[in-house]
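Based on the provided sequences and hints, a complete structural model is requested.
Residues per chain are reported as follows:
Number of protein chains: 6
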Amino acid sequence: MKPTPDAAPLLAFGAHPDDIEFGCGAVLARETQAGRKVHFVVGSRGESASNGTPAQRSREAKRAAAILGASIEFIDLGGDAHFEVRAAHAIKLAAIIRRVRPALVLAASVVENQHPDHVRLGQMVRDASRLARYGGLKELRRLKPHAIGQLFFYAVTPEAEPADLGRVLVDVSPPAVIARWTQAMEAHASQMRTRNYVELQLTRARLNGLRAGVEHAIPLFAADALVVDSLAHIERAVRRF
Amino acid sequence: MKPTPDAAPLLAFGAHPDDIEFGCGAVLARETQAGRKVHFVVGSRGESASNGTPAQRSREAKRAAAILGASIEFIDLGGDAHFEVRAAHAIKLAAIIRRVRPALVLAASVVENQHPDHVRLGQMVRDASRLARYGGLKELRRLKPHAIGQLFFYAVTPEAEPADLGRVLVDVSPPAVIARWTQAMEAHASQMRTRNYVELQLTRARLNGLRAGVEHAIPLFAADALVVDSLAHIERAVRRF
Amino acid sequence: MKPTPDAAPLLAFGAHPDDIEFGCGAVLARETQAGRKVHFVVGSRGESASNGTPAQRSREAKRAAAILGASIEFIDLGGDAHFEVRAAHAIKLAAIIRRVRPALVLAASVVENQHPDHVRLGQMVRDASRLARYGGLKELRRLKPHAIGQLFFYAVTPEAEPADLGRVLVDVSPPAVIARWTQAMEAHASQMRTRNYVELQLTRARLNGLRAGVEHAIPLFAADALVVDSLAHIERAVRRF
Amino acid sequence: MKPTPDAAPLLAFGAHPDDIEFGCGAVLARETQAGRKVHFVVGSRGESASNGTPAQRSREAKRAAAILGASIEFIDLGGDAHFEVRAAHAIKLAAIIRRVRPALVLAASVVENQHPDHVRLGQMVRDASRLARYGGLKELRRLKPHAIGQLFFYAVTPEAEPADLGRVLVDVSPPAVIARWTQAMEAHASQMRTRNYVELQLTRARLNGLRAGVEHAIPLFAADALVVDSLAHIERAVRRF
Amino acid sequence: MKPTPDAAPLLAFGAHPDDIEFGCGAVLARETQAGRKVHFVVGSRGESASNGTPAQRSREAKRAAAILGASIEFIDLGGDAHFEVRAAHAIKLAAIIRRVRPALVLAASVVENQHPDHVRLGQMVRDASRLARYGGLKELRRLKPHAIGQLFFYAVTPEAEPADLGRVLVDVSPPAVIARWTQAMEAHASQMRTRNYVELQLTRARLNGLRAGVEHAIPLFAADALVVDSLAHIERAVRRF
Amino acid sequence: MKPTPDAAPLLAFGAHPDDIEFGCGAVLARETQAGRKVHFVVGSRGESASNGTPAQRSREAKRAAAILGASIEFIDLGGDAHFEVRAAHAIKLAAIIRRVRPALVLAASVVENQHPDHVRLGQMVRDASRLARYGGLKELRRLKPHAIGQLFFYAVTPEAEPADLGRVLVDVSPPAVIARWTQAMEAHASQMRTRNYVELQLTRARLNGLRAGVEHAIPLFAADALVVDSLAHIERAVRRF
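Going line by line, the protein sequences match chains A, B, C, D, E and F.
First residue of the first sequence: 1, per our numbering; consecutive thereafter.
First residue of the second sequence: 1, per our numbering; consecutive thereafter.
First residue of the third sequence: 1, per our numbering; consecutive thereafter.
First residue of the fourth sequence: 1, per our numbering; consecutive thereafter.
First residue of the fifth sequence: 1, per our numbering; consecutive thereafter.
First residue of the sixth sequence: 1, per our numbering; consecutive thereafter.
Treat the hints loosely; a few may be bogus.
[Said to hold, decoys possible] Okay, derived cross-link-like pairs now, DSS-like style, lysine-lysine, Cα gap no bigger than 27 Å in a straight line: (1) F/92 / F/144; (2) B/92 / B/144; (3) F/138 / A/62; (4) A/92 / A/138; (5) E/138 / E/92; (6) B/37 / B/92; (7) A/62 / A/138; (8) E/138 / D/92; (9) B/62 / B/37; (10) C/62 / A/138; (11) F/62 / F/92; (12) D/92 / D/62; (13) E/92 / E/37; (14) D/144 / D/92; (15) E/37 / E/62; (16) D/144 / D/37; (17) C/92 / C/138; (18) F/37 / C/138; (19) E/92 / E/62; (20) E/138 / E/62; (21) F/62 / C/138; (22) B/62 / D/138; (23) A/92 / A/144; (24) F/92 / F/138; (25) D/62 / E/138; (26) E/144 / E/92; (27) B/138 / B/62; (28) E/138 / B/138; (29) B/138 / E/62; (30) A/92 / F/138; (31) D/138 / B/92; (32) C/62 / C/92; (33) F/62 / F/37; (34) C/62 / C/37; (35) A/144 / A/37; (36) A/138 / C/92.
I should point out that these hints are in silico values taken from the structure, not numbers from a laboratory.
Structure, rendered in structure tokens:
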């Protein structure tokens, strides 16, 4: 039941060079392994973080994307720690959606009490997913409108997990997936100095795995109600202790 | 991507003879059409309703189940309009789960402000889905423990749709599915006298279809977070106007 | 119990030329029929939509307002699909509130997951309803402060209905009201090409009518707790199936 | 805009002899003053309270009801501090609804974290308001089915105010209303010994009055969406500071 | 800032022999270590679980309580997997509260979607904490009324963590505390056969520790708003990544 | 258990010259009385209010701060009634946090339906509390990063009290505290002309006091989960009537 190589691509947005990897890297490792094309769009070079230079962080992000089998590009949304919700930014994101034409879009959740860049990116990606469909937007006229299939939010930390959206746990148990994910997180060497980011994410994935009755799992949150033809593909649920 | 004929069965619980049909009959029509075995368990004979005798209502329910391709049985949970949350009832429901051994269970939602029998049935089915797993329950020792895959709630009316659970819209657009569903609802002839039940449900399914970008759709609500191996099967979402 | 001709006017805000009509046109038809003055303020000319030119859409909106018995004006809030929450915009909206001096204000709901212009308009109208009262705002000094009675949100689509605000269903069953509303929606001929907007709204109004025990009904959402002198006027509720 | 003397009666349920008075007595004083018939049903004689004998408390409740212009009856729901959700109790309550045939029903809110008798009474009154409509309920066959107009919940304390239901503030500012209410609360002399019940309620009514821009106000919570013909009667809202 | 040896005791309720240990054992280890008396009340002997006999499970629970420095007693609430919300049960729990006279009470959370015994115990303990105060309850007349200080809910699994109550993370980082907690969980040897209970709890405590910026932490949920004299003791919060 | 004189300071932010005093002045009076240093940052001079000139209002605020024992400074966030969420503003607020180095930060709640300046200030203070920690923010390089202990929101009115955050009631009963608070509120003489601000706050504090079983109390709302070493300091809760 794996996506065939010609499945529509997955487009993942992150505010900082390591957000995508830490928030849902294992999911992406699993999707690229199954043959789906994945593209990363990163909204800053992490220039306000306590550690790492912009150049260093860009290099780390490129390496991490390569490990996960994804392509990557950097865009400017006002600068690290300076994101604001702007129509022009949302339109820029919509242009990327039109260009990449993904079935699935991933972005940081819009839970308000987290790094402000995360929530604003999430809000603007949600808006952009709509704007990508509107034919009359003059800034985007050169690009054919595109309707995505679904927008999933990932949560960079447990605090950013929305309580009010349908939760989907993606089973990322294959050892090769976890290995690749760990390697991609560790590629962000500049961020390893102070806090236990990698341990946080692996602990979290293990806890979610235990809840789901598998080795490791990553939670995603559907922006909109799922639409299915059959119940056959949604027959598994969290196995409660 | 249809379930094969040997897919684990689906078990649907209703408080009254017409609840399953009105709440999610089209979903079941689609599943039986795709080859899945479906079994109905009805907790009363509708003996407190304004219209119809118990005998008449049982006959109507049997005919409706047959139209939908499902088997059916009646159990006693205290009588129509007399349901109470009782451990003995939940254990009775768990015994049925162990006997039928379904992958999927459907029950009325547990939104409190609706017919009290609906919410209590939903609560007891949720409990029963756990009890079915506990090996030491002495009333059930003769039956092998069984862990279901997922419990979905259906809503008999829009008021019963939970706002806090992940919503899944099932596309029930094939004309044969709608025709069979309509026929099954109309089989409850005794309930057609006073209110527009059939119109309510068809209007609701059309509205949900318009939201999902299909002809007709039925909402289900996952009791627990979904677990998936791949995003490939959850790529569609409500297409917002 | 109809409003007398000298009742304070109702002021309705829409982001795009057809939002007011699609979201709550039938309510306004009923109010103007009962003698209340209604004024529309539209924040763009729909210039980013897939269909219709700005000139065409303005003409359509004017015709629709006339059909509903309302006056109309257009203002600039940054352009279709370009709305941002700006103090200057909210003050512009507050100036209109001071000029029109309505008892009731209607605006698109502030549910976040919908067209970004809708939610931002709703947020700014909510702010404007406060700013209209503050005597010292220098941009508004030429206009006497005004306190509105109530702000109701309408929802352009079912997805935009807030779950956390008191819901009021307005009975719009009189055939003349529905006829006028349908005509006003159809006046937006440029929007009829692709999706079933009119069917969506009529289906939705019928479903809400069935829930309320009437022919057709439109939901509104009170921004603030209602204040009443007597329970005599709020004696009816949704008649649950 | 007062109810005429032949308006359908209001039926108020309380778990203990003073709940109705403390929770919404001023609203009832205002309704009886306007000519509406009001009937109290009290589910215990307060026999588990720290102060007052059952006989004393019944006398106090009768006097309080008389002061408010209401009739009163006592029923048995298992005893003070012993309420359980039972179908038989709900049917007993439904029988009273069929006998009194009210337009409006009031009951304690169903917020869970309060005196257990309050929440269970509220739940059973909500159920009873449905059961009163079902024609086939054999225990009630001697009484004609009755559909109420609306069920409002009152909150005996601020902790019991539901955050998820539409809030209506009833203006109870007329000095005669407040005087009568205060007198009715003070009629429960046995409860005056330990805590500041009367001060709690008057302070709360004053705070709600200040929020609403009137002298005193009492919050009620609509169990179901309001249905109105016109916006003319719901033009006032909380006047925010 | 440790409680002095004469601090009022802590009373912890569990539905099954291992619930308290798995849900909040580390908190209790820390409290007994600091000199507080802790008493466990267990509502069944786990007789419906898949593994372990009642005798074996009681022995395990006694050993675990001893390891944590707590006393323990067993009561009958209808039997494992047979709990029902009954006034008589709540009164039995209230009698224990009056006897033990705790400042703090702990019980399983009342999140509905978990083992039914857990939620019902939590509901009945919440009720019992009120009933313990009511002087007139005749079943309890031999015991002096008692008002507890606070009721905290613990969550046996992450699924049982309430999203709507104030969350308090208790730092349980001292190695001696973790060692004792682990030992107490492992005392339930019969439950170690099938699932990774100990790993689940240690993983969860580590994740909560990482969120709080400490080694390990356990979440508790306050049933009612905290009351403090000074902000000096609530100066620390989750340190977000 | 009072903070010693060298406790880390408390930093309170207000949008207008009287917000801090009205929203939580009594808490601050209690903290300064216990020896904690408190500093006010006010984001406007109230220049859009109906009453009072900027000069007059600044004088009033200085006097009120002095009465409460706090220092005060004014900053520019775009002007009264003109606040917008801007990265530059949040960075300005973060600079103040780095300079003052508080353990506790207080700001207006982020409940959306209130004066827009309040909610935007609250949002930006929440963001600033994060930005203060990020070492690479070039605008702040001259100031050492600082991590606060906790951010509490205060509510200027009851409508602004968040329902979804942990509520803490601070006991402000000492008569000297209430006297000083009242005096500080009355120092805003220009705001006394039209509405009953002081009565609103004292009534609210009395109601919260009655709920907590003390004379007067003020609610605060924790932005993040509390972290504690021991349950000894959180043993008191709202004493429910």
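Mind checking the alpha carbons of residue 62 of chain F and residue 92 of chain F for me, to see if they're no more than 27 Å apart? holds, 21 Å
Proposed proximity, residue 138 of chain C with residue 62 of chain F (alpha carbon, max 27 Å): Answer holds: residue 62 of chain F to residue 138 of chain C is near 24 Å, not above 27 Å.
Does residue 92 of chain E pair with residue 37 of chain E here, judged by a C-alpha cut-off of 27 Å? holds, 21 Å
Keeping to a limit of 27 Å between CA atoms, is the pair of residue 138 of chain E and residue 62 of chain E held or broken? violated, 32 Å
For the pair supplied as a hint, residue 138 of chain B and residue 62 of chain E, is the alpha-carbon distance within the 27 Å limit? holds, 24 Å
Keeping to a limit of 27 Å between CA atoms, is the pair of residue 144 of chain A and residue 37 of chain A held or broken? This hinted pair holds, its Cα atoms lying about 20 Å apart.
Between residue 92 of chain A and residue 138 of chain F, is the straight-line Cα distance small enough, at 27 Å or below? holds, 26 Å
Take the C-alpha atoms of residue 62 of chain C and residue 92 of chain C, compute the straight-line distance between them, and say whether it is at most 27 Å. holds, 21 Å
Could you grab the alpha-carbon distance between residue 138 of chain A and residue 92 of chain C and see if it respects the 27 Å cut-off? holds, 26 Å
Given the hint that residue 37 of chain F pairs with residue 138 of chain C, test it: the Cα-Cα distance must not exceed 27 Å. Violated: residue 37 of chain F and residue 138 of chain C sit about 37 Å apart, past 27 Å.
Are the Cα positions of residue 62 of chain D and residue 138 of chain E separated by 27 Å at most? With a Cα-Cα distance of about 24 Å, the restraint between residue 62 of chain D and residue 138 of chain E holds, given a limit of 27 Å.
Against the 27 Å threshold, does the CA-CA distance of residue 92 of chain C and residue 138 of chain C hold or violate the hint? holds, 12 Å
The structure fails hints 7, 18, 20, 27 and 28 (numbered hints given earlier, in ascending order).
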